[in-house]
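Residue numbering for the sequence shown follows our numbering, starting at 36 and increasing by one per position.
Zero decoy hints are in this set.
Below, simulated SDA-like cross-link-like pairs (lysine to any residue); rule was C-alpha separation at most 20 Å, straight line:
(1) Lys176 - Arg208
(2) Lys462 - Val489
(3) Lys462 - Asp443
(4) Lys583 - Ala270
(5) Lys176 - Ala193
(6) Lys408 - Asp443
(7) Lys327 - Ile410
(8) Lys382 - Glu552
(9) Lys583 - Leu339
(10) Lys583 - Thr662
(11) Lys176 - Arg165
(12) Lys382 - Ala295
(13) Lys408 - Trp432
(14) Lys425 - Asn393
(15) Lys327 - Gly245
(16) Lys408 - Arg436
It is worth saying that the hints were derived from the structure and are not from the lab. Given the structure is predicted, the values throughout are model-derived calculations rather than measurements.
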Amino acid sequence: MTARLVIDDIAPAVGEEPYPAKAVLGELFPVRAVVWGDGHDALGATVVATAPGSRNALALHMRPGSEPDTFHALLPLETQGLWQFRVDAWRDPYTTWRGHIEAFLATSSGDVEPTPHANEAEEGARILARAQELARGSERKTLAAATRRLRCPGSLRARAELAVSADVVAIMRRHPVRELVTRGRTHRVFVERGRAARGAWYEFFPRSTGGWSENGSPKHGTFATAEAQLERAAAMGFDVVYLPPVHPIGTTARKGRNNALVADADDVGSPWAIGAAEGGHDAIHPQLGDEKDFQRFVSRAGELGLEVALDLALQCSPDHPWVQQHPQWFTTRPDGTIACAENPPKKYQDIYPLNFDNDPGGLRQAVLAVVLKWIGLGVQIFRVDNPHTKPPDFWSWLIARIWQEHPDVVFLSEAFTRPARLYGLAKLGFSQSYTYFTWRGAKRELTEFMADLVEHADVCRPNLFVNTPDILTDQLVRGGEATFASRAALAATLGPSWGMYSGYELYEHLPVRPGSEEYLDSEKYELRPRDFAGALRAGRSLEPWIAKLNAIRKAHPALGQLRTLRFHYPEDDAVIAYSKHDPASGDAVLVVVTLDPQAPRETTLWLDLEGIGQEPGARFPVRDEVTGQEWEWGHGNYVRLDPAFFVAHIIALPTIPAPTREVLAYRR
36 MTARLVIDDI APAVGEEPYP AKAVLGELFP VRAVVWGDGH DALGATVVAT
86 APGSRNALAL HMRPGSEPDT FHALLPLETQ GLWQFRVDAW RDPYTTWRGH
136 IEAFLATSSG DVEPTPHANE AEEGARILAR AQELARGSER KTLAAATRRL
186 RCPGSLRARA ELAVSADVVA IMRRHPVREL VTRGRTHRVF VERGRAARGA
236 WYEFFPRSTG GWSENGSPKH GTFATAEAQL ERAAAMGFDV VYLPPVHPIG
286 TTARKGRNNA LVADADDVGS PWAIGAAEGG HDAIHPQLGD EKDFQRFVSR
336 AGELGLEVAL DLALQCSPDH PWVQQHPQWF TTRPDGTIAC AENPPKKYQD
386 IYPLNFDNDP GGLRQAVLAV VLKWIGLGVQ IFRVDNPHTK PPDFWSWLIA
436 RIWQEHPDVV FLSEAFTRPA RLYGLAKLGF SQSYTYFTWR GAKRELTEFM
486 ADLVEHADVC RPNLFVNTPD ILTDQLVRGG EATFASRAAL AATLGPSWGM
536 YSGYELYEHL PVRPGSEEYL DSEKYELRPR DFAGALRAGR SLEPWIAKLN
586 AIRKAHPALG QLRTLRFHYP EDDAVIAYSK HDPASGDAVL VVVTLDPQAP
636 RETTLWLDLE GIGQEPGARF PVRDEVTGQE WEWGHGNYVR LDPAFFVAHI
686 IALPTIPAPT REVLAYRR
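Sequences are here, hints too, so could you generate the full structure?
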């Protein structure tokens with residue numbers, strides 16, 4: 036049944052229940068609604084929110100938006116877990132009355148006898164008298180004085196002066212008289228810790244950290260030798276180190292170098308071919324170390340300010356213990372053999388995909404035990420391999436089950452897939468997701484792509500990886516060193532989270548064959564020790580630029596935002612510009628990046644001044660965090676970017692004050 040007042044287009048609202056919107060701890064969460072009714076009376080709206088485990092509701096006054104009938108509020112989310120909120124609409128008699136009085140006073144001298152306007156004055160007095168019951172202390176005294184003045188002899192202007200003053204208006208916003216209160220539908224927001232949305236990720240293979248033997252051949256690394264890479268990742272400012280699978284690797288159908296179908300005796304195989312005689316997903320490859328070695332590795336990461344993310348790849352080599360113990364967990368072909376994994380045109384002869392249809396209960400419990408095992412060893416972040424090839428209801432169950440006891444666990448979805456499945460997995464609970472950013476290069480592509488992510492920001496958090504062990508894009512193959520620098524700048528500043536795979540900082544760009552996205556001598560199939568220190572000394576490393584980007588990210592909370600992303604207007608299509616701001620701190624940043632790796636670009640950059648909190652025609656100081664230069668900017672600004680020196684301006688803007696958050700009441 037339609038209510039007396041109508042509440043439409045409440046956001047965030049993620050489809051039908053049970054899907055909650057997403058937020059992180061400490062965020063000022065934007066709530067929006069359209070409220071309308073009959074007639075010309077002023078309307079108001081309140082967002083009423085309840086924190087997890089609380090019996091008290093926090094009520095926040097919603098401010099009118101720039102569009103008619105729209106209302107907005109920033110909800111402070113200071114408790115982790117599942118929040119509930121609703122929007123209530125109501126008729127606002129004080130604002131209606133004040134509008135009538137101010138309109139009359141604007142068109143009249145007001146110097147008339149009180150009798151013809153006694154009703155107007157008395158109506159205001161009665162409204163303020165009702166408000167006194169809600170106010171306390173000095174606010175109540177101010178309202179009482181305004182009420183008495185309205186009932187005194189004199190002109191309407193004199194009688195109403197205090198009742199429409201800024202002090203009374205402010206009090207009435209905090210303690211509004213509400214009529215025809217209409218209660219909205221309840222929505223939910225799941226609040227995770229900050230790392231679920233914001234962070235810089237670095238991927239490397241511990242087995243490639245062993246260096247070289249005396250004869251020049253690579254040595255298998257261990258968790259102990261990998262600690263040096265933790266130190267290097269921390270020095271570059273990363274927050275998360277992500278490890279591919281660290282489990283035993285099968286020998287049956289093992290792949291050789293460059294994905295060869297036949298492996299040599301010394302080939303190490305793909306870490307994603309999980310399982311051997313030494314164990315499966317709950318075991319550690321014996322050449323890497325044992326559980327105590329892994330725990331020391333995780334502990335050392337923590338000392339350096341890093342978290343360890345582990346790959347959760349739900350697939351098996353033909354040698355995995357599950358193949359013999361639970362053959363029903365796999366797909367059997369008509370000839371009795373087990374089907375291998377395929378992702379056309381790729382075929383993975385060394386991997387058996389799991390089949391969740393034959394024994395879903397048993398398989399669920401087995402996977403749950405695996406995840407809990409690694410949580411027990413200190414892992415709080417899982418990068419999930421190809422989640423879109425597993426049943427959606429399985430992920431919904433697993434993530435909810437883990438969060439019951441371990442709410443700090445973060446799940447990253449490797450969902451390089453169609454938008455419906457990307458956003459669908461996010462609704463099911465994945466904290467963040469890979470995206471198609473890796474392939475988006477042109478200005479229009481990037482703008483449209485990010486606009487779509489902003490539109491889905493209430494449910495999907497992107498992690499913008501510049502490359503992966505599987506993905507070497509054509510722009511990296513052909514673009515040269517400046518492309519590596521500009522892609523890193525885009526990923527680090529467009530998204531709240533970004534990531535890179537080891538070797539990117541060395542400009543590795545050779546494909547296994549022309550047109551392929553596979554790396555030549557792919558680390559997926561062989562040990563790849565790298566001389567990072569030597570490259571840095573020789574000036575052939577991107578490490579300093581990556582460190583600068585991550586340092587700027589840490590200094591500017593605006594770069595951890597997605598919802599506030601706004602694009603600006605360089606005249607040159609080879610230059611892209613965008614800004615972000617952080618509602619909590621007011622921090623604001625403008626980023627300008629060249630998309631041309633070959634030549635300098637000069638252009639005029641036209642800023643959306645309203646979008647960066649500036650008045651039309653304003654001039655204001657800015658500072659480039661890349662070069663340290665300072666300028667005075669305005670609506671139109673000259674920009675020059677030379678990829679031989681630097682590919683981006685990252686400009687600190689004047690802060691944008693957050694709207695006042697007016698807490699109306701805490702109530703049971």
